[in-house]
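For the protein sequence lines, the chains are A and B, in the order given.
Position 3 of the first sequence, counting from 1, maps to 3 under my numbering, and the rest follow consecutively.
Position 528 of the second sequence, counting from 1, maps to 528 under my numbering, and the rest follow consecutively.
Any given hint might turn out to be false.
Unchecked claim - Stretch by stretch, here's where chain B covers chain A in the computed footprint (C-beta under 8 Å, at least three residues):
1. 33–46
2. 125–137
Said to hold, decoys possible - Which residues of chain B face chain A? A few of them, derived with a C-beta cut under 7 Å, are:
3. Ile385
4. Thr386
5. Val387
6. Gly390
7. Asn422
8. Ser423
9. Glu440
To be clear, the hints were calculated from the coordinates, so they are not data collected in a lab.
Backbone N, C-alpha and C define an ideal beta-carbon position, used for all residues, glycine too.
Listed below, chain by chain, are the residues.
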Amino acid sequence: MNEFVASLPAAEPALLAWWAAPSVKRKPLLVMIEDDVAIAEMYRLQLRADGYDVEMAADGKRGLALLRRRPADLVLLDIRLPELHGFQVLEQIRADATLGGIPVVVLSNFGDPGLIAQGRRLGARAYLIKSDTTPAQLSAVVRRMLGAEPAD
Amino acid sequence: MSGLLLFLQYAVNLAFVILGLLTLRDWLVHRERSRGYLALAIGLLAITALIGQVQTFFGNPFGEAGTDVDALVFLASAYAMLLFRSSFIPLSRRGHLLALGGLALAGALFIGANLPQRPEAQLSVFQQAVVIVFVLAWAACVGEPLFRFLQASQSRPAVQRARLRSLAAGYLSIFLILLVAAFGGSLATHPYVVLAIDLAALASVPLIYASFAPPSWLRRLWREPEESAFAAAVKELLLFSPTRERLAERAVEWALRLVGADAAFIADADGEVLAARGMDAGAARRLQARLGAFGEEQVVPVPDGPIQSAIVVPLTLADGNGALVVLSGPFTPIFGTDEVTRLGQYGTNITAGLDRAVLTERIAALERTKTEFLNLASHELRGPITVLRGYLSMLQGGMLGSVSPEFGEVLPVLTAKSDEMNSLIEQMIEAARLEEGRLELSPVRADLRDIALRALETVKPFATSSHPVLFEGQEKEIPVLVDRRRIETVVSNLLSNAIKYSPDGGEVRISFGQDNGFALLKVTDRGVGIDPKSMEKLFTRFGRIVTPSTRHISGTGLGLYLSRELARRHGGDITAESAPGKGSTFVLTVPVADE
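All chains should be modelled from the sequences, with the hints used to inform the complete structure.
Shown next, in the form of structure tokens:
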């Protein structure tokens, strides 16, 4: 978890919020926008096992379309994407009235300080380097983050 | 005394005749318009001297006519001087007509005045006026060019300045002789005055000679004050010019100064103008096309336009022939062999400089490409390693079901190796960052022991029973100001090297120390050690030391390079001591944090 830079909410309140959620009617929905199928499948395997619903899109345009169809609880976003660059997707999510509040976690193998800073400026909640993030670690990040969100 | 005076008079006349012949020879060799006029001016002076001598020797065989011809030739020499000046600083048509008119009037009056042969004879008022007109006409035609030359010489390079001054000084003494002879009256016949006049006349000969054909020792002497500045310029040209364009600009500037030209340019091998001074690039390109190519440096006439001639110096560049072209302007003195040789030598320097700049640019481009490749390749490698490490971690965590006991045994090795690969990729990315200047440290206050312990964790899988790692911890905290993650990488790199290069086992020791505001971390092994001769290579990029005992050990050769660079970015360093076959000690120094 070397390049995990963006600030995360403290763990304990997050966990409390998670357990305190009144009733879990449905599984939290994660949208993963990732063009590398092997990586996407691997993370999905873990996340599904941990009780999340995971929808996938292989490029930026489809990712946005998917989000507009099914507003997710959290977005896992790659940066180097076909069709629409990850940061453009991030900007459009932020600019969207309904999608604007969805937490976004950037998952990239490019970890230059400049990119990380740009991701943070555009409102990403976390910036993870894929090769340093095991599926279990990603799942833990997602769990903490969703816990911090108001229960829906 | 009179014998000496007679002898001196002969000597003066002979010297002038020789001078005339020398200028004639100079013109025949160089065949240049300006040199022709100078030869004419001095040659006519010589003829004046010759006629005077003949008159004295043979007791006026031509009588009055001889003296008249002598006077006319003398006046003609003044006009030749004006023509010489006009070949550098063009004289208007009116100026020419005025000068010719004045000289013709002086000549006509001289013939009409019937001046007496003997200098001590009394002159009538008319005759005195004639002498004044005569001297004034000559002095104006000779003095004006000399004055202009002296004026122009101010901004010339040293050699030209000295040549022009020498010419002016030579003519000045002739002018003074003329004044004394014309207006000195009885004084002019006094033996000492005659002696002084003859000596001055004799002195003017080498001065004039030096102005058109200065010997090389004299040119060196003249050039000396400028030499050091020029040498510095050449050195700068060869060593410090960042780009070819900048280099060419500087070279052109110095070429102008060297010969006192008005314009110059450098054409590249493909005919493009690299730099131009005193003319725009378009004009330079057109002129270059018209001049064509030359095998060696030479003076080339430029027929039309105000420019008289050009020195073309071929530049034999690696990519083909370019050229340095220096153009004379109205104020440029003679382009001689001196200038051509000098520019030729300078051309060699320019060629070397331009080619070196090409090499430097190519090497820089190569370096950039390599760094870009390193950057891209390492990022590409991160994709597959993500999947490998991910599934391996899931396998180990039991996410993918149970595995056979045999597989369970190799799983830690797979994990350790994929982790190692991941950190190698990280090293490549760091190296690329370092080279592109994108590496930024985020120093925080930390405990060096803590960092070492964390680093130890990462090499745990390799620290088997054959490689025990001894941690000689200190009781007290060692506060340092470092980028934690990076120094941790550096330490784990030192540790994994210590283990890797101890193929026969042996303990690895971590110890600490302090030295003058720096904290020390030592990693000591009992491995293969490093040959003193290879020490230099140890910290270079991709510098791996391959010996029979280490050939089987893998590595990118980036680790130590990167580690030292990172330590140095912190203001610290990494040093190594080693005895081949006995082991090595690597010492990392990092700045201690202030309390």
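Tested hints:
| no. | hint | in the structure |
| --- | --- | --- |
| 1 | 33–46 | holds (count 7) |
| 2 | 125–137 | holds (count 8) |
| 3 | Ile385 | holds (5 Å) |
| 4 | Thr386 | holds (4 Å) |
| 5 | Val387 | holds (5 Å) |
| 6 | Gly390 | holds (5 Å) |
| 7 | Asn422 | holds (6 Å) |
| 8 | Ser423 | violated (10 Å) |
| 9 | Glu440 | holds (5 Å) |
Hint violations for this structure: number 8 only, all remaining hints satisfied.
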